[in-house]
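Participant: Spelled out from the first residue to the last, the chains are:
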Amino acid sequence: MLNSFIFIVLPYAALALVIFVTPYRFFSNRLTWSAYSTQFLESKTLFWGINPWHYGIIPVLAAHFLGVVAPGPLKVFLGNQTNLVVIESIGLALGLFAVFGCLVLLLRRVNTPLLKRVTFASDWVLLYLLLTQALTGVYIATFMRWGSQWYLHTAVPYLWSLASFNPQIEYMTDFPLVFKLHVACAFLIVALLPFTKLVHLLYIPVHYLMDPPILYRWRTK
Amino acid sequence: MDVRAQLVMVFNLDKCIGCHTCSISCKNIWTDRKGAEYMWWNNVETKPGVGYPKKWENQEKFKGGWLREGGKLKLRAMGKGPTLFNMFFQPNMPKLDDYYEPFDFDYSNLYKAPPGSDQPVAEAFSQVSGERIEKITGGPNWDDDLSGSQVYAVEDSNLEDNTLVADYGRMFMHYLPRICNHCLNPACAASCPSRAIYKRGEDGVVLVDQEVCKGWRFCTSACPYKKVYFNWQSGKAEKCIFCFPRTETGQCNACAHSCVGRIRHVGVLLYDADRVEEALLKPDDQLVAAHRDVIMDPHDPAVREAARKNGVSDQWLEAAEKSPVYALVKEFAVALPLHPEFRTMPMAYYIPSLSPVISSGGDLHELADHGTFPLLEKMRAPISFLASLLSGGNQEIIADILRKQIALRLFKRADNLGQPVEESILKNAGLDEAGANRLYRLFTIAPYRERNVIPTQQREEQDSNQRKGASGFGILKKTRGTK
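Taken in order, these protein sequences are the chains called E and L. Counting along the first sequence from 1, when you hit position 126 you're at 126 in the numbering used here, and nothing is skipped either side. Counting along the second sequence from 1, when you hit position 132 you're at 132 in the numbering used here, and nothing is skipped either side.
One thing to keep in mind: the hints can contain errors.
Here are the computed lysine to aspartate or glutamate pairs in the EDC-like style, where the Cα-Cα straight-line distance is at most 16 Å [stated by the list, open to error]:
#: 1; chain 1: L; residue 1: Lys112; chain 2: L; residue 2: Glu123
#: 2; chain 1: E; residue 1: Lys44; chain 2: L; residue 2: Asp98
#: 3; chain 1: E; residue 1: Lys116; chain 2: L; residue 2: Glu131
Computed footprint of chain E on chain L, listed as stretches where at least three residues anywhere in the stretch have a Cβ under 8 Å from a Cβ of chain E [claimed, not checked]:
#: 4; region: 17-25
#: 5; region: 168-182
#: 6; region: 190-201
Since the hints were made in silico from the structure, they are not lab data. Treat the numbers as computed from the prediction; the structure is a model and nothing was measured. Think of the CB as a built atom: it goes at the ideal place given N, C-alpha and C, for glycine as much as any other residue.
Given only the sequences and the hints, what does the whole structure look like? Please build it.
Facilitator: Have a look at this one:
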């Protein structure tokens, strides 16, 4: 029951929300489409939180995606023991970095009176969710070694089975609870993305890199 | 030749009395909102002083504006690559402390306070946190009139010799009202990764598209004048919109309209967009001349033809011909850009203030041979100070303008007293009698429609369905829940 909920209901619900709510929010009220930075009000602690968090979590997240997109070449690459040890160590270090950053961000919200007015329920939910996600990730990396290898043989085929609408949850059901928590949290975060400031993840500065510096808008041209 | 039109404001610093009426009218219309309490799209500073935000002119601190590097213009802060890596934490961003913590007073305490032996007072509270503020330590014009201050005025980066402010015999001050300059080469627009900041082709107004802005905050420091603000409530950048809903209908900007001293002029300039970059690559002391070169003569048929090709209507060309701004900036060349060395080519111009006429006693205030004004070099406000502020350090340009202002006053003084006018005074300053009379009229008795020549915009060309509800800054939708 719990397994079907985490591995079938949650992912499809999350996917549906992202697909339908994101464009709805984009077209109905883009005025809420912001990263909601609080650097203006508090910046000293933010530096020690926001940078470790982003620089820790982005490569780890990218590695998770890479595993899904290109499992074949990765399996070959991680077949080499040295590569595996190096990747695992870097991953763990980045994970710890992210946990540290997330903790700083959480404590900053608690301890800065000036931030009271710009801290909403969604900020707390996200911070706790992301912290749980990062902590369970670090736990898995520490106590369930060589995850970068077994991830490719369990979660990746499961995710592909989700994509083909033929969910094969037997890949996942035998894992310990902490792993299931990690997966459930991931789907929850995806589900919350269109409702929260996480929409800033959907922004890629392509135009910025190509455009001339000054942008003109003509009413008539 | 790529001739475009730009709406431009000229400020006559010689007439500004520092009453802040402009700031209040702007505040009431545009920034009387949650998250915008600390913003003053129009503010008035005392010079010498640190200004608002504190030390905004110090580009070592905020890294605003452009630099010349290898025959090209480059943002002082960072290039496109580093921008992407600094999106989480913007290292140069001005913070709330650099402005001030906005406050209001709890007037309800005046009648709610329990009986006691003291008179109840309206206590100050922060408009950000809502907490009580024990002691207010800053405001938008905190160093107002403190031009002799050892705390504020000495920090003014335009002072060559900052011991000057401590010398009571030689102290000086003038006011500096500032709005967004709606630059021809806006650094804020160039720094925006979301591409939310754009320049309107028709009138050159620089705007932040609130729907596109995602709050990356690079514009707030890239603007060397610190005229882009971060709304802490909506998480987006905001700036002066040159009152476009007013100017589009031919009305004057709220700040200029309400100006008690009538120091402001609004009008059209035509400029050649092809030559902006080349002009900005000139050395600092040649920048004012380069500015003037980029501004085109609206009477020249070739210019008019090129402007028409860009969609500048006959109504706008007529306004450009009558433009008081063109007269002041180019014809009489008495108005100067604020800090041209920031290289954004600001489109707000300032007529430097003439030092006060002072007593002729003492060796400090030696009078010129005509007897009513001090010698140029002995003016209270040092020419080097004005040059640092308005001409990229070129003192000759400032001296030229002060000479014109002095000549004009001597000419009108003689005229009023029925005394013979010495032709040479006007001639030495580069003026003639007709020109002097025109300048006098612009400076003093010109009515509203002469001080401000603002053509309406051709709204009938626009799709009315698209236009509907799109005018003004009005945020009709909810930006975020409020607490």
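Participant: Each hint should be assessed against the structure and marked as holding or not.
Facilitator: Now the hints, each set against the structure:
| no. | hint | verdict |
| --- | --- | --- |
| 1 | L:Lys112 - L:Glu123 | holds, 12 Å |
| 2 | E:Lys44 - L:Asp98 | holds, 14 Å |
| 3 | E:Lys116 - L:Glu131 | holds, 10 Å |
| 4 | 17-25 | violated (count 0) |
| 5 | 168-182 | violated (count 0) |
| 6 | 190-201 | holds (count 10) |
Hints 4, 5 from the earlier list are contradicted by this structure; the remaining hints agree with it.
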